[in-house]
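Undergrad: What follows is each chain in one-letter form.
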Amino acid sequence: MRLRLKGGRILDPANGRRGESGDLLIEDGRILPADTPPAATEEVIDVTGKIVMAGAIDIHSHIAGGKVNIARSLMVEEHRSNRLAGAAGLRSGGGLATPSTFTTGYRYAEMGYTAVFEPAMVAANARHAHMEMADTPLLDTGAYVMLGNDELLLDILAEGHGQGAVNDYVAWVIGATRALGVKIVNPGGIYAFKHNRRELGLDDELPRAGLTPRRILRSLAEAVHTLGVPHPLHVHCNELGLPGNIETTLATIAAAEGLPLHLTHVQFHSYGREGDRRFSSAAARLAEAVNTTPSLTVDVGQILFGQTVTASGDTMSQHRNARLADPDKWVCMDIECDGGCGLVPFRYRDRNFVNALQWAIGLELFLLIEDPWRVFLTTDHPNGAPFTSYPHLIRLLMDRSFREEKLATIHPAARAASALGSIRREYTLEEIAIMTRAAPARILGLTDRGHLGAGAVADVVVYTDDTDRERMFGCPDLVMKGGRVVARNGKVTEVVWGDTHVVRPAYDQAIERFVGRHARERLGLSIDHLRLDDAEFARERGRTPIVHDCTPAGGVP
Amino acid sequence: MTLVLTVTARPPHRLDVSALLPERLAGLTAAEIERLPLTLGHRRVPLGELFAVSGEPGESLTFGGACDRLDRLGAGMTAGRILVESDVGAEAGCGMAGGTLLVRGSAGPSAGAEMSGGLLEIAGDAGSWAGAGRPGSVHGMTGGTLLVRGSAGERVGDRMKRGLILVEGDAGPGAGSRMIAGTLAVLGGVAAFAGIGMHRGTLLFARQHEAPATFPFAGSHDLVHVRLLRRHLAGFSAAAAAAFPDGRPLGRWVGCTGAGGRGEILAPL
Amino acid sequence: MRIEGVHIEETFAEAFGMVGTRLIVTADTPTWAEHAGRSFTGFATSVIGCGCEAAIERRLTPEETPDGRPGVAILIFAFGPQDIAKQLAGRVGQCVLTCPTTACYAGLAADAIGGEKVQTVPLGRALRYFGDGFQAAKRIGDRRFWRVPVMDGEFLVEDTIAIAPSVGGGNFLIVATGRAPALAAAERAVAAMAAVPGVAMPFPGGVVRSGSKVGSRYKGLIASTNDAYCPTLRAQTTTALPPEAAAVMEIVIDGLSADAVAEATRVGIRAACAGGAADGVLAITAGNYGGKLGQFHFHLRELLA
Numbered sequence: 001m002r003l004r005l006k007g008g009r010i011l012d013p014a015n016g017r018r019g020e021s022g023d024l025l026i027e028d029g030r031i032l033p034a035d036t037p038p039a040a041t042e043e044v045i046d047v048t049g050k051i052v053m054a055g056a057i058d059i060h061s062h063i064a065g066g067k068v069n070i071a072r073s074l075m076v077e078e079h080r081s082n083r084l085a086g087a088a089g090l091r092s093g094g095g096l097a098t099p100s101t102f103t104t105g106y107r108y109a110e111m112g113y114t115a116v117f118e119p120a121m122v123a124a125n126a127r128h129a130h131m132e133m134a135d136t137p138l139l140d141t142g143a144y145v146m147l148g149n150d151e152l153l154l155d156i157l158a159e160g161h162g163q164g165a166v167n168d169y170v171a172w173v174i175g176a177t178r179a180l181g182v183k184i185v186n187p188g189g190i191y192a193f194k195h196n197r198r199e200l201g202l203d204d205e206l207p208r209a210g211l212t213p214r215r216i217l218r219s220l221a222e223a224v225h226t227l228g229v230p231h232p233l234h235v236h237c238n239e240l241g242l243p244g245n246i247e248t249t250l251a252t253i254a255a256a257e258g259l260p261l262h263l264t265h266v267q268f269h270s271y272g273r274e275g276d277r278r279f280s281s282a283a284a285r286l287a288e289a290v291n292t293t294p295s296l297t298v299d300v301g302q303i304l305f306g307q308t309v310t311a312s313g314d315t316m317s318q319h320r321n322a323r324l325a326d327p328d329k330w331v332c333m334d335i336e337c338d339g340g341c342g343l344v345p346f347r348y349r350d351r352n353f354v355n356a357l358q359w360a361i362g363l364e365l366f367l368l369i370e371d372p373w374r375v376f377l378t379t380d381h382p383n384g385a386p387f388t389s390y391p392h393l394i395r396l397l398m399d400r401s402f403r404e405e406k407l408a409t410i411h412p413a414a415r416a417a418s419a420l421g422s423i424r425r426e427y428t429l430e431e432i433a434i435m436t437r438a439a440p441a442r443i444l445g446l447t448d449r450g451h452l453g454a455g456a457v458a459d460v461v462v463y464t465d466d467t468d469r470e471r472m473f474g475c476p477d478l479v480m481k482g483g484r485v486v487a488r489n490g491k492v493t494e495v496v497w498g499d500t501h502v503v504r505p506a507y508d509q510a511i512e513r514f515v516g517r518h519a520r521e522r523l524g525l526s527i528d529h530l531r532l533d534d535a536e537f538a539r540e541r542g543r544t545p546i547v548h549d550c551t552p553a554g555g556v557p
Numbered sequence: 001m002t003l004v005l006t007v008t009a010r011p012p013h014r015l016d017v018s019a020l021l022p023e024r025l026a027g028l029t030a031a032e033i034e035r036l037p038l039t040l041g042h043r044r045v046p047l048g049e050l051f052a053v054s055g056e057p058g059e060s061l062t063f064g065g066a067c068d069r070l071d072r073l074g075a076g077m078t079a080g081r082i083l084v085e086s087d088v089g090a091e092a093g094c095g096m097a098g099g100t101l102l103v104r105g106s107a108g109p110s111a112g113a114e115m116s117g118g119l120l121e122i123a124g125d126a127g128s129w130a131g132a133g134r135p136g137s138v139h140g141m142t143g144g145t146l147l148v149r150g151s152a153g154e155r156v157g158d159r160m161k162r163g164l165i166l167v168e169g170d171a172g173p174g175a176g177s178r179m180i181a182g183t184l185a186v187l188g189g190v191a192a193f194a195g196i197g198m199h200r201g202t203l204l205f206a207r208q209h210e211a212p213a214t215f216p217f218a219g220s221h222d223l224v225h226v227r228l229l230r231r232h233l234a235g236f237s238a239a240a241a242a243a244f245p246d247g248r249p250l251g252r253w254v255g256c257t258g259a260g261g262r263g264e265i266l267a268p269l
Numbered sequence: 001m002r003i004e005g006v007h008i009e010e011t012f013a014e015a016f017g018m019v020g021t022r023l024i025v026t027a028d029t030p031t032w033a034e035h036a037g038r039s040f041t042g043f044a045t046s047v048i049g050c051g052c053e054a055a056i057e058r059r060l061t062p063e064e065t066p067d068g069r070p071g072v073a074i075l076i077f078a079f080g081p082q083d084i085a086k087q088l089a090g091r092v093g094q095c096v097l098t099c100p101t102t103a104c105y106a107g108l109a110a111d112a113i114g115g116e117k118v119q120t121v122p123l124g125r126a127l128r129y130f131g132d133g134f135q136a137a138k139r140i141g142d143r144r145f146w147r148v149p150v151m152d153g154e155f156l157v158e159d160t161i162a163i164a165p166s167v168g169g170g171n172f173l174i175v176a177t178g179r180a181p182a183l184a185a186a187e188r189a190v191a192a193m194a195a196v197p198g199v200a201m202p203f204p205g206g207v208v209r210s211g212s213k214v215g216s217r218y219k220g221l222i223a224s225t226n227d228a229y230c231p232t233l234r235a236q237t238t239t240a241l242p243p244e245a246a247a248v249m250e251i252v253i254d255g256l257s258a259d260a261v262a263e264a265t266r267v268g269i270r271a272a273c274a275g276g277a278a279d280g281v282l283a284i285t286a287g288n289y290g291g292k293l294g295q296f297h298f299h300l301r302e303l304l305a
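These protein sequences, in sequence, are chains A, B and C. The numbering of the first sequence is my numbering, which starts it at 1 and goes up by one. The numbering of the second sequence is my numbering, which starts it at 1 and goes up by one. The numbering of the third sequence is my numbering, which starts it at 1 and goes up by one.
For the record, the hints were derived by calculation from the structure and aren't laboratory data. One should not assume that every hint holds.
To be verified - Which chain C residues face chain B? A few, computed with CB under 10 Å, are given here: (1) D67; (2) P100; (3) R143; (4) S224.
Where is the CB? At the ideal position from N, CA and C, for every residue including glycine.
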């Protein structure tokens, strides 16, 4: 059955459509060319005057894996106070900052999101992460595997096996864990933490001869690039949250030596050390670096005021933050010598100077980075705020008077220390469409998502144009996933299942001997335990992952 | 005006009745109350299927019949009076902030857990974790009074922050463990590990007690605050008033040193 | 008007609004409670010179105190909440905390004051730091206490204390034919007034002989001797005394309410007059400032009618 969305104003930046009225034709879950002749029978949905966009894509949101589940058990209060009964095809669930898998899918879909990517999958926990993603309805999912603090990579680097071995190992891990990309968290810092280090700068030596964060970072960035993984190395810099960390962040950009890099939650990495309180905004410097470095993309990790929980692989920074835990309980743990995990409940307060300035720094970054194709809308869910606050964030970006109203209520010293009040920019709808649809699809290498061109998967969202952008983006008229209407007026009406996105770069099989020995000698496991089999998940939902092409790069810039 | 809900047949599963508070039912007719949906297992059933409704809704609510499978009874209540004529299930009076809940029988685990006000009186025994926090919560009881006329199970008053617990019978292992502050008085015997991990607060025992090794002995004293506690307890319990005669010194053990705590166990030598 | 032949002047006592409260101090024995009470109420005769006015209201039996030990009830009055808080901290800190075996309670139940929103001031909250970190709070029922470790055990003190709008400076004067009859009448009056709850007579033994007037011939002195009532100045000033008067004693009354002050005035005057003119008491009068300064006027003849 063919479906015609009739008369909508189509905002599809990837295909240069800027809101002109037109019809969208959908058949078999995909979008047909606009010039397709009318069919004999068409179901028509009249969306005259409405805004039509592709489904939104969140490139960085902690929705699955060990730490998310630990965060759920840590945040018992919100699960007790937010219990959702199952109804009419929907499963029960609960939670706010740490929603259950089903609730995660419902809440995202109700806001018009159709794809969400888990950014911190520990290889040892990959099975768990995929199991949870397979239980998250309505969304396409994928994950970036965390490397850079794992014993094996450090062995390869320290023992001088060469970049080729690093490339093979990275490719093997990506394939074995069904990852879409590679993330590095506090390069070397989690490893160093386990050896009693509490800070680690980019050029500080690890407790392992010859290794520095710079070297690990450079080597991984090169591996990801050489293997042709579409998404550049996803970097959570050293020194998260420390005043003055802007220097490390800028040095990290330089350390890539022109290799493509994605810096994540840069809000937490754009801090200066000026002023009476030795804490200041360095958003302008970071924005300047982004504006002048075309190989660089970032997501912001905006904080918004209220209760949440911070969940990170960065044991070093989470251990430092533990004293701020509210409620006063936290978890920091090692995961199989493979990575770390730190969970600290947090309540961001507008009357707290540091929190208020963090809020302003995030918004400054959004507004000072010029190219919406290279900055993505995230709260680093749940670290800065639950993803359910995206509509509010969009309104802050699109509505200057609303922004200034909020600015007037924050800690006065933070207000005075921020340039936010002098920034006039307001995001346009088109820029929002770029930032939440077209650009994330492009940076992840998803060719048939994030746009409404012929052949694209019919993930479509219809909004009523409303000057209250929070209301508009919080409650789309219609959300379609793969050509099926799954939500109307901000409520899920039907549950379908999304796809899993992976890449499978080629590698020299010889690396398996190396990995196998590590598994056997250090973990007491067979290498087969580490490798996920599609069949394990096919049993769950009857689907196989979508494998995206890797085009190995010719050389290193 | 008392509304009486009598269990007509003991439910086959646990039944969460936290929605059935006097303040919530006060404005409803008997017919409306009978139609209220309850979750039984994976089914929704109207209240009338499980309870006979009589009397008149108001400040007071009585549960009759076999209530031992009713969980979270009186949970979150802020006012009014609830009487349970039999045993009751888990988390009775959990999180209650005011009003009175009287259980004629015994209560299951976590009775009065995280309560912040009001009076919960259990004529029989209390299960484990009475007046404690629920799993994952930072605090147990933060106010109010919990009276257990019988004995209390393990970990009574765990992580308690404020308020008063009086156990007229015995207390199980780990009484007052991880206590942050508040008062737990026990008239009967107290099992091992009392006060383990406690930060502050008072464990007041009427019988001789061997304090854990993490509680160094701090001498024998006639302390004025015990006189005040006795007079306060006398308002609820003649046995408590008799158990702590004025002028009799009590041994004082301070801890838990394992947690850097400065709480106290007071017991006769 | 005459009572037992004693002339009651057609005049009124003029009193002022203050804040006041009741403190209960207990100890292991009545003696040590008394020591604490005496020490606390020392140098507390006049708010102008001492910062507050205070006196032991009465002795308490063990059955009457919160902890079942003997005690004393103390009333203290000052101009405002901050003044009384400062006086409480200083006096409890120096005279009760220091006194063996004592404990210190708020004696004015917040709900008993009623009516307006009750104001409280810190008591133990201000003193607890003496415990150097070893102090501990204890909540019992609705009340909160501090346990401050001291060398004989623990000093227990209530966290805060409710204060009440009060009346200060109620008074009457006994005019007599000589010092002995004046003093005997004043002592009778004070003894009788001690049974009235909620009042304190802050001067030594409840009696003051140095009645004052406002102002002085010396610059900077705001009050000076009340020459019109000084029997030796009869020839030098315009006297207010009858020719046969040779001594005058004043009783100053502070109370937690105007009713309490009125009752004490009534009881006191009747007791002073009990022996009649035959005992040498000539007249009862009262001090005022023409009625312009104080909110409370106690007309003697109305009170005694």
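Undergrad: Which of the numbered hints are not met once you compare them with the structure shown?
TA: Of the numbered hints, 2, 4 do not hold.
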